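Given these sequences and hints, build the entire structure.
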Amino acid sequence: MNHSCVNCLKTMLITLHFLCWLCGAFVVAFGEYQMMNSRFASLVTSFWPIYPANTLVVTGTIVTCVCYLGMLGSMKENRCMLISFFFLLFILLLVELAMACVFFVYSREIDSYFEKDLMQSLEIYRQSSPEGNKTIQEDFDAVQHLFRCCGVHGVSDWKGNIPISCCVKDPCSIPIQTYWQEGCLLKLTDWFARHYLNTAAGVVTMFIIQFICLCITIPVFCRFSQHGLGYQ
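Counting in our numbering, the sequence shown runs without a single skipped number right up to 232 at its last residue.
If you're looking for bench data, these hints aren't it; they were derived computationally from the structure. Hints are supplied without guarantee of correctness; some may be wrong.
Mimicking BS3-like on lysine-lysine, the simulated pairs with C-alpha atoms at most 27 Å apart in a straight line are [what the hints assert, rightly or not]:
1) Lys134 - Lys187
2) Lys187 - Lys159
3) Lys159 - Lys116
4) Lys169 - Lys159
5) Lys134 - Lys116
6) Lys187 - Lys116
7) Lys159 - Lys134
8) Lys169 - Lys134
9) Lys10 - Lys76
10) Lys169 - Lys187
Quick caveat, the model's predicted, so the values are computed rather than measured.
Below you can see the structure in the form of structure tokens.
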């Protein structure tokens, strides 16, 4: 193995680790974007551990840190860093597989989570004063305005105390007013299902890149070690 070939393989290692780091950074950014544009985190609390935006941010942050370690180890030709990277990345791949299983199991219970939490949030909204729980009130109003829905199953959920956000036309002060008739449960579950697919696609893509990185890096590293070509 000549010197130019060794340099080429080392450059490939650095590039792979950089792509892995870049993928993690993109996942974090995508998760933050979802968090900033999702106005119902306070309405669905029991589903928080596998909430798409939270999952993307946490997973992407860990991947970014691990891949940075691998990229730094490749640049400095540090065996300890690379071995730590191999070990951490392998554990991370196992965790992502476990997460995929959790996503698959809980995907069948999304409707029940949403219905229970939304009904609880609606009751809190109804029983709160105008200066009461502002977060739930603002988030529920934002959801009803954005998705053009009213209540959980329909207008009747409000039991006559219908908020302005349910009005079809603005302003909502005319004597005969019409309200959105469709409940927010169905529209929210549809929205979540679409984002669920985006999250799954992001995790699968990240898993594939990490797996390729691991498969290529290990034999190259072993080859270098056997011939004493760097990484001492």
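Status of the hints after comparison with the structure:
| no. | hint | in the structure |
| --- | --- | --- |
| 1 | Lys134 - Lys187 | holds (23 Å) |
| 2 | Lys187 - Lys159 | holds (21 Å) |
| 3 | Lys159 - Lys116 | holds (18 Å) |
| 4 | Lys169 - Lys159 | holds (20 Å) |
| 5 | Lys134 - Lys116 | holds (20 Å) |
| 6 | Lys187 - Lys116 | holds (15 Å) |
| 7 | Lys159 - Lys134 | holds (20 Å) |
| 8 | Lys169 - Lys134 | holds (23 Å) |
| 9 | Lys10 - Lys76 | holds (11 Å) |
| 10 | Lys169 - Lys187 | holds (20 Å) |
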